[in-house]
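Residue numbers (the numbering used here), protein chains in the order written: chain D, 55 to 237; chain L, 134 to 417.
Bear in mind the hints are in silico, worked out from the structure with no lab data behind them.
A quick note: this is a predicted structure, and the numbers were derived from the prediction, not measured.
If a hint is listed, it holds; no wrong ones were tucked in.
Covered by chain L, per the in silico footprint, the following chain D stretches (three or more residues, Cβ under 8 Å):
| # | segment |
| --- | --- |
| 1 | 68-79 |
| 2 | 82-96 |
| 3 | 107-121 |
| 4 | 178-188 |
Partial pick of chain L residues on the chain D-facing surface, computed with a CB cut under 7 Å:
| # | residue |
| --- | --- |
| 5 | Gly-265 |
| 6 | Ser-269 |
| 7 | Phe-399 |
Don't be surprised by glycine CBs; every beta carbon is placed ideally from N, CA and C.
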Amino acid sequence: MSVFVFILIGLLLVVLQTTVFMINPVWPAAPDMFYILVAFLAYRFDLIRSLLIILPVSVAMDVFSGVIMGIYPAICLVSFALLKGMAIRIPVRESIYQVPFVGVSYLLVNKGVYLILSFLAPDVLVPWSWPLMLLRVILLILVAFPLFSLFEFFDSRMQRSPISFKMLRVRSGNAFRREEKER
Amino acid sequence: MRKKGNGKRNGSGRSLKIILLSGILLPLVLIFLVSTLGSQKFGTLHRLVAEVTGPVQLAVARGIDSFNTFRKDYLQLFTIRDENKRLWKELQECRDAANRNREALATNTRLRKLLQFKESTDLPTVAARIVGKDPSLWFRSVVIDRGENDGVAKGMPVMSGDGVVGQVFAVSPNFAKVLLAISPSSAIDVLLQKSRVRGILKGAGSLTCKLDYVLKTVDVQEGDQVVTAGYGGLFPTGMPVGVVSRVVKQRRGMFLEIEVTPTVDFLTLEDVLVIQQETPFAVH
Numbered sequence: 055m056s057v058f059v060f061i062l063i064g065l066l067l068v069v070l071q072t073t074v075f076m077i078n079p080v081w082p083a084a085p086d087m088f089y090i091l092v093a094f095l096a097y098r099f100d101l102i103r104s105l106l107i108i109l110p111v112s113v114a115m116d117v118f119s120g121v122i123m124g125i126y127p128a129i130c131l132v133s134f135a136l137l138k139g140m141a142i143r144i145p146v147r148e149s150i151y152q153v154p155f156v157g158v159s160y161l162l163v164n165k166g167v168y169l170i171l172s173f174l175a176p177d178v179l180v181p182w183s184w185p186l187m188l189l190r191v192i193l194l195i196l197v198a199f200p201l202f203s204l205f206e207f208f209d210s211r212m213q214r215s216p217i218s219f220k221m222l223r224v225r226s227g228n229a230f231r232r233e234e235k236e237r
Numbered sequence: 134m135r136k137k138g139n140g141k142r143n144g145s146g147r148s149l150k151i152i153l154l155s156g157i158l159l160p161l162v163l164i165f166l167v168s169t170l171g172s173q174k175f176g177t178l179h180r181l182v183a184e185v186t187g188p189v190q191l192a193v194a195r196g197i198d199s200f201n202t203f204r205k206d207y208l209q210l211f212t213i214r215d216e217n218k219r220l221w222k223e224l225q226e227c228r229d230a231a232n233r234n235r236e237a238l239a240t241n242t243r244l245r246k247l248l249q250f251k252e253s254t255d256l257p258t259v260a261a262r263i264v265g266k267d268p269s270l271w272f273r274s275v276v277i278d279r280g281e282n283d284g285v286a287k288g289m290p291v292m293s294g295d296g297v298v299g300q301v302f303a304v305s306p307n308f309a310k311v312l313l314a315i316s317p318s319s320a321i322d323v324l325l326q327k328s329r330v331r332g333i334l335k336g337a338g339s340l341t342c343k344l345d346y347v348l349k350t351v352d353v354q355e356g357d358q359v360v361t362a363g364y365g366g367l368f369p370t371g372m373p374v375g376v377v378s379r380v381v382k383q384r385r386g387m388f389l390e391i392e393v394t395p396t397v398d399f400l401t402l403e404d405v406l407v408i409q410q411e412t413p414f415a416v417h
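Sequences and hints are given; from them, build the entire structure.
Structure (structure tokens):
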């Protein structure tokens, strides 16, 4: 259920990002909201559910943006792996500490993908601009706080719903392990 | 004895009545006579009385007026809130109507330009609306609400009333993605209208394009018109693309550095025309 709801939320964010927040085709101040969803999934969801959500959302981004098909699934997966690694290495669960990492990872992933693309297809990309990129990072961090709260609200509501994914999961017979996990 | 005394009292009562009656009637008669027969002017006493009582009258009359005004205003306070609400609502409705009218006027101007362009060309066209814009910093594309079901195919040129917008990059049954002419991955065969020299127009990612492969020997001036060359069969010949806005002749290299400002205003672009012509990308 939560997978379905988060796919819908992701698609809605993509639609908002490509319509409401893009005032004209060269508008720079549109926050990458799909990236915040990817970050939230990396911090809060397990691998399978995250991938189930990321795939359709990144394909939607591919449809609405860019001229190189498959770039957004690649960006999303790299970002997800990076943030998941960060989440494991730095085990803080408070959004206030996690959100700055989202901004840093956004900058790193974008720069990395840009370098690779400019090497593979040099004439396809708009020239890199640090001021615009930093503007995007700031916007991302600003929007990340309310969006994280919103996602957490939906997530908690989903967990309480009678058809929760957790209830369908096969549980280990080891009660000690189960308690450890739940803790 | 008693009768006599009663008769005396009756006589004195009657005379009192007569005196009172004549005391009232006589002045009235006197006033009547004076007013009808006299000079009709205030005497000294009248004047004195008038001057003394006049200001008092005036003050009282003003007081009454003020009181009436105050009472009226106070009573109106009860209805003024509703009146205020009603007027605000009315003002809002008027503003909405004005906005709608302005919007309709702008749409009308835009569509009129598109229609003029449509009428000026013999090629079949389909009008489309931009429904989404590329949110990325690296690419420049838009999504339009026409697709394969409307006869749109990959590679078809997209125009607006002002000139070339770009070309269809990918299509789905009801939607299509358009690569804008300002995108770095866009390359359009163009001509300098005055000198008929050919070049390749490439997007710069911003609101300008650059014109490549024009030799230094060619005379290019700022303000020269750039139009589609029509080679390769993608764009019809002579469609307006832009105006030369800067020419730089570097010491090194064979070619000029030419900046072209598109004739299309990409900041306000909303409606476009897809020219339905055969393209090398069309799949049948």
